[in-house]
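**Q** Next come the chains, spelled out residue by residue.
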Amino acid sequence: MPERLASQIAGLSLLELDALRELANVGAGHAATALSRMTARRVAVTVPTVAVASAAAVAELLLAGPEPAVAVALTAQGSFAARFVVALTDRHARGLADLLLGGGDAGAPPHLAESALQETGNVLAGAFLAAMSSITGWCIPFSPPLLVRVADSAGAALVTEPGCALCLETSFSVDGGPPVRGHLLLFPRHDTVTGLRARIAEWRLGN
Amino acid sequence: MPTVLICDDSLFARHMTRRMLNGAFEVVGEAEDGEDAVARYRELHPDVLLIDLVMPRLSGTEAIQRIMAEFPDARIVVCSAMGQDQLVAEARAAGARGFVVKPAKPDELSAALGAVLA
Numbered sequence: 001m002p003e004r005l006a007s008q009i010a011g012l013s014l015l016e017l018d019a020l021r022e023l024a025n026v027g028a029g030h031a032a033t034a035l036s037r038m039t040a041r042r043v044a045v046t047v048p049t050v051a052v053a054s055a056a057a058v059a060e061l062l063l064a065g066p067e068p069a070v071a072v073a074l075t076a077q078g079s080f081a082a083r084f085v086v087a088l089t090d091r092h093a094r095g096l097a098d099l100l101l102g103g104g105d106a107g108a109p110p111h112l113a114e115s116a117l118q119e120t121g122n123v124l125a126g127a128f129l130a131a132m133s134s135i136t137g138w139c140i141p142f143s144p145p146l147l148v149r150v151a152d153s154a155g156a157a158l159v160t161e162p163g164c165a166l167c168l169e170t171s172f173s174v175d176g177g178p179p180v181r182g183h184l185l186l187f188p189r190h191d192t193v194t195g196l197r198a199r200i201a202e203w204r205l206g207n
Numbered sequence: 208m209p210t211v212l213i214c215d216d217s218l219f220a221r222h223m224t225r226r227m228l229n230g231a232f233e234v235v236g237e238a239e240d241g242e243d244a245v246a247r248y249r250e251l252h253p254d255v256l257l258i259d260l261v262m263p264r265l266s267g268t269e270a271i272q273r274i275m276a277e278f279p280d281a282r283i284v285v286c287s288a289m290g291q292d293q294l295v296a297e298a299r300a301a302g303a304r305g306f307v308v309k310p311a312k313p314d315e316l317s318a319a320l321g322a323v324l325a
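Top line first, the protein sequences correspond to chains G and P.
Numbering follows this note's numbering, in which position 40 of the first sequence is assigned residue number 40; successive positions increment by one, without gaps.
Numbering follows this note's numbering, in which position 2 of the second sequence is assigned residue number 209; successive positions increment by one, without gaps.
Here chain G stands alone, though its shape is the one from the complex:
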């Protein structure tokens, strides 16, 4: 039902909704491959869903309980203006940082774990958006990553993108060792959705 609401808000047909989900599926697949290379572990992703892009809905998605989440947000520019977010609860963020740093890293510089999470966001965004670029033919530069702590709707508002009606969400899990699970979120701006709808119409016509 939330998917229907989100698609109605964005004015999408079922076919357009399906096409957007498939785009997100391909992007998430590339991001999962990149994460697998970073961690040397198998990474699974779920089928993308479409959600309403309000801060309250995002907070509900990321905060299953009282535990806060850590989100890495990047802004994609050009024809594919969007916010890309990687989010994990605190516990899973620590697990991912440990995995990336090979367990305790004695003598490591301070803030290395936070930097590791930011760099993960950067690499996953690069992989996701490279797939989008390949499909659409658009050049999609993006900003450096920003680390945001999300404990409530106010925190979630910091990672959502103004001018977005919908959010494409995929969950990922890193297999082996302590569980590491998180979310990939894409908030395409209204004009990006409009551009994608035009591309989808062209693809339907075989152009």
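Bear in mind the hints are in silico, worked out from the structure with no lab data behind them.
You may find that some hints are simply not true.
[Stated by the list, open to error] Residues from chain P shown here face chain G by an in silico Cβ test under 7 angstroms; the list is partial: (1) L218; (2) A220; (3) V261; (4) A288; (5) G290; (6) Q291; (7) Q293; (8) K309; (9) P310.
By construction, the Cβ of each residue, glycine as well, lies at the ideal position given by its N, Cα and C atoms.
Since chain G is already given, all that's left is putting chain P on it; use the hints.
**A** Structure of chain P alone, referenced to chain G:
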């Protein structure tokens, strides 16, 4: 041992790159953004510069342009999460001789650096 200057705004990326190059290359310095890379390049004259693209203050592509204008023989390899064709072409046009897409494996990184030093 060939000398390398690493430029990346990510502390983690610089840390891991140092680890990956250990034993095969001498990391003579680190830079945190494009501005810093230009200054450190002038100071250190490394055999090769390994540089990211998306960074605050001055991007990797702009830094490459500035360094190439001053040091036309500079050997520069880009290591970036932005592997899109257009952006790779821009970096190459600026003067980068090699490009590695993150996350890079140690052998990929060594091969790319070795190729520009050959």
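**Q** Quick one, is the P:L218 hint okay against chain G at 7 angstroms, beta carbons?
**A** With a closest approach of 4 angstroms, the P:L218 hint holds.
**Q** Please verify that hint: P:A220, Cβ, nearest Cβ of chain G, below 7 angstroms or not.
**A** 5 angstroms, holds
**Q** Hint P:Q291 vs chain G: min CB-CB distance below 7 angstroms?
**A** For P:Q291, the interface hint holds, since the closest Cβ of chain G sits about 4 angstroms away, which is under 7 angstroms.
**Q** Holds or violated: P:Q293 as interface residue toward chain G, Cβ cutoff 7 angstroms?
**A** 4 angstroms, holds
**Q** Take the shortest C-beta to C-beta distance between P:A288 and chain G; is it under 7 angstroms?
**A** 3 angstroms, holds
**Q** Once the shortest beta carbon distance from P:P310 to chain G is found, is it less than 7 angstroms?
**A** Hint on P:P310: holds, closest Cβ of chain G at ~4 angstroms, below 7 angstroms.
**Q** Would the stated hint for P:G290 survive a check requiring a Cβ distance to chain G of less than 7 angstroms?
**A** Since the shortest Cβ distance to chain G is 5 angstroms, the answer is holds.
**Q** Next item in the hint list is P:K309. Is there a CB on chain G closer than 7 angstroms to its CB?
**A** Status holds, d = 5 angstroms.
**Q** Does P:V261 pass the interface hint, meaning its C-beta sits closer than 7 angstroms to a C-beta of chain G?
**A** This interface hint holds because 6 angstroms falls under the 7 angstroms limit.
Of the numbered hints stated above, none is contradicted by the structure.
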